[in-house]
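Its first residue numbered 7, the sequence shown is counted upward by one per residue in our numbering.
Misleading hints may appear alongside valid ones.
Stated by the list, open to error - 30 Å max Cα-Cα, derived DSSO-like pairs, lysine-lysine: (1) K19 <-> K117; (2) K24 <-> K116; (3) K52 <-> K24; (4) K27 <-> K52; (5) K52 <-> K19; (6) K116 <-> K27; (7) K116 <-> K19; (8) K27 <-> K117; (9) K52 <-> K116; (10) K117 <-> K24; (11) K52 <-> K117.
Bear in mind the hints are in silico, worked out from the structure with no lab data behind them.
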Amino acid sequence: MNREEMMVECAVKALQNKMAKNVVSLHVGAATIITDYFVLATGSNKSQMDAMIDGVQEEMRNAGYELRTREGQAQGGWVLLDYGDVVVHIFDNEMRDFYALDSTWRDVDKKTWTD
Numbered sequence: 007m008n009r010e011e012m013m014v015e016c017a018v019k020a021l022q023n024k025m026a027k028n029v030v031s032l033h034v035g036a037a038t039i040i041t042d043y044f045v046l047a048t049g050s051n052k053s054q055m056d057a058m059i060d061g062v063q064e065e066m067r068n069a070g071y072e073l074r075t076r077e078g079q080a081q082g083g084w085v086l087l088d089y090g091d092v093v094v095h096i097f098d099n100e101m102r103d104f105y106a107l108d109s110t111w112r113d114v115d116k117k118t119w120t121d
């Protein structure tokens, strides 16, 4: 397993620990220079999204991965955590449907994570 895959697994574990819904990873590296992976997850409400954000940041920090940028707020329905090779997107249901990143990147390798 390479470093990027370990980062994805670390983020996914943190999201699953906070009961995130519809967790998927997209290997976008061949399609964009922005990053290698997107991790997408949905929270049911602002409180859960805040817990998911805190959980990802804590797990990634403990594993030695540095947060480069954080964009957005849970109250706005979408938060982006940029770790360079992996970008974590945490949405509420409405924003996940609106931005539809799952279908925008439908031609890349996708993994659906279950508990």
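Structure versus earlier hints - violations, ascending order
Hint check: nothing fails, all pass.
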